[in-house]
Structure formats: C-alpha cells, structure tokens
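S.K.: Sequence:
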Amino acid sequence: MSSLPPPPPDDALTALLPPDVDLAVGWRHEAAVPVWHGVVWGRLGRGDLAWEHLDRVQLPLLAPWIAAERGRILRELGLHGEAEARELPALLRAEDEVDAAMLRVSLVADAVGVGDTSRAVRRLGAARSAVEALTDGPRAARQRLRLGWVDTEVAFLTGQQPPLSDTPRWDEVTDEPTVPPDLAWGSVFHRAKALLFAGIARGDGRLLEAAAVQAPPVLAWAVHLARADSGVADALTAARAAWSAVVAPPEHAAAVAATPTAVRLTGRSTAS
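Residue numbers for the sequence shown follow this note's numbering, so the first one is 1245 and each next one is one higher.
These are computed hints drawn from the structure, not numbers from a lab. Please note that the accuracy of each hint is not assured.
[Stated by the list, open to error] Okay, the calculated beta carbon distance ranges per label pair:
hint: 1; residue 1: 1366; residue 2: 1504; range: 17 to 27 Å
hint: 2; residue 1: 1273; residue 2: 1380; range: 19 to 29 Å
hint: 3; residue 1: 1399; residue 2: 1247; range: 40 to 50 Å
hint: 4; residue 1: 1358; residue 2: 1420; range: 35 to 45 Å
hint: 5; residue 1: 1511; residue 2: 1474; range: 19 to 29 Å
hint: 6; residue 1: 1305; residue 2: 1247; range: 23 to 33 Å
hint: 7; residue 1: 1447; residue 2: 1417; range: 15 to 25 Å
hint: 8; residue 1: 1332; residue 2: 1271; range: 39 to 49 Å
hint: 9; residue 1: 1360; residue 2: 1336; range: 14 to 24 Å
hint: 10; residue 1: 1268; residue 2: 1359; range: 38 to 48 Å
Even glycine gets a Cβ: it sits at the ideal position worked out from N, Cα and C.
Construct the complete structure from the given sequences, taking the supplied hints into account.
M.R.: Encoded structure:
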C-alpha cells in the first residue's frame, strides 16, 4: 500500500489557508482536508504534491472545486487551454453557488490567457453576475477579489483603463499599501496577488515590492517578472530563481517547459 503524500508544513498552512478555514473541524466537508492540503502545496509551487492530495478525493460534491484548483495550478504555469478543459465541464456539474462563480471567474482568466478577447469579455459579464449574486461571506469575498483581478486582465486585453477603486494603493502618510476589506478573508497568496495586480495597474513599483515580500513560491516568479518589466535591476534573475523552484504536475511537465514563460525564464529553446 502506497504511503500518503506529506502534508504542507505548519507555517505554510498558517500563511496560505484563508482565516475562516479550520481543518480540525473539516471545514466545508469532512473529506475536504486533502483538498486544502492540495491548495497549499499548489501555492507553494509543488504541483506534484498538490496533484497527489487532490487525487485522494473522489467525492462528486467536491469535484468542481477540485477541478478549479487543478485549473488554477495549470493556468499559473501557462497552460490556459488545459485549465479550461477541466473547468468548463466542471461548471456544468457545480451545485455549490461559490464553486460555480469561482469557475466562471477562472474561465475568464483562461480566455485572457489564450488572447480570446470576445470570449473573455462575454465570460467576464457572466462571472460578474454570478459573483454579485453570491450570499455574502468569506467565500464570496475571495471571489470578489478574483473578479477584480480578471476585470483588470480584460481591461488590459481590450486596451481599456483597468478599474482601480477597489485595488490596493500606496498610502503616502503611512508609507504602506492600503488593502480592500475583502482581503481580510484572504491568505498571504491573495494579498500578494492583489498587490501584484494593483502594482501593474497603477504603475507603482512600491506595490510590486510589497508583493515580492509576501508572494508565495507559485506567485513569486510573476511578481519578479513584473518588476523586471518595470526596469528593476536583477529582477529577472530573481524571477528565474523563483521559477526554478516550481514543480509542475508530472503529466504536464513537458507542456509547461514549452510555454513562453518557461522559455523566457530558463533560456531553453522549445526546439527538439
């Protein structure tokens, strides 16, 4: 009998689980602990261990959520088409309103990733309707954060000014970033990603620096790439180092290595 995959370190669970999640009481469902372990391993950049934990859960009720988590990992590695192939069928099976809204937001990001403007705009409208209809609470708050991120992505894709009203900004008085109330229900991952999107949208390197301090491994390379693109010396070196620590799910490793991001950050050609 094969051994169980290791749980994430305690400090990672503390930093990367949302504050309302209590694994001791089986938050959301008694079978969900391996899913949360997969979420945290994914945010630590260990797609291989995330897959092992997610594979342990066969409960149909949780299948749409698991598909969304697998999709997120694949999308963060540049595999937007593969993410969509998991998320679109899962949306049709989603019985939980937050799962359905989460998948709709994810599908916007998939369309942005492949550069499909019309599909991204259409999906953004559907995602906004789904998120706005959610019963308020911590899970809804996190989907509002994610909706803001894809809203920014679609704005850039369509050549529009991204919305800034609910994004972090640099407070000149306190000399630190302000954050929207919904981030109270997010983890370090959510805070770092909010700072990343705000830094890009506002063109403020201080927000990117704050994101770099907080970013977990799966996000660190993207933050450093944004810093490099804004002209920060040695940021590309930091991005390459962060990318080298990320492990793709084994069956997707070859596809990840061929993505434009991987080619840029490794310097390897995709030619055989």
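S.K.: Decide, hint by hint, whether the structure agrees.
M.R.: For each hint, the structure was consulted:
At about 25 Å, the beta-carbon gap between residue 1366 and residue 1504 stays in the expected band of 17 to 27 Å. Between residue 1273 and residue 1380, the C-beta spacing of about 21 Å keeps the proposed range 19 to 29 Å intact. Between residue 1399 and residue 1247 the CB atoms are about 47 Å apart, so this pair conforms to the stated range of 40 to 50 Å. Against the hinted window of 35 to 45 Å, the Cβ-Cβ separation of residue 1358 and residue 1420 comes to about 36 Å, which satisfies the hint.
Under the hint 19 to 29 Å, the C-beta atoms of residue 1511 and residue 1474, about 21 Å apart, fit the expected range. The hint said 23 to 33 Å for the Cβ distance between residue 1305 and residue 1247, and at roughly 27 Å that hint holds. The hint said 15 to 25 Å for the Cβ distance between residue 1447 and residue 1417, and at roughly 20 Å that hint holds. Our hint of 39 to 49 Å for residue 1332 and residue 1271 is violated, since their Cβ atoms are close to 27 Å apart.
With their beta carbons about 20 Å apart, residue 1360 and residue 1336 fall inside the hinted range of 14 to 24 Å. Range check, residue 1268 to residue 1359: Cβ separation about 44 Å, and the 38 to 48 Å hint holds.
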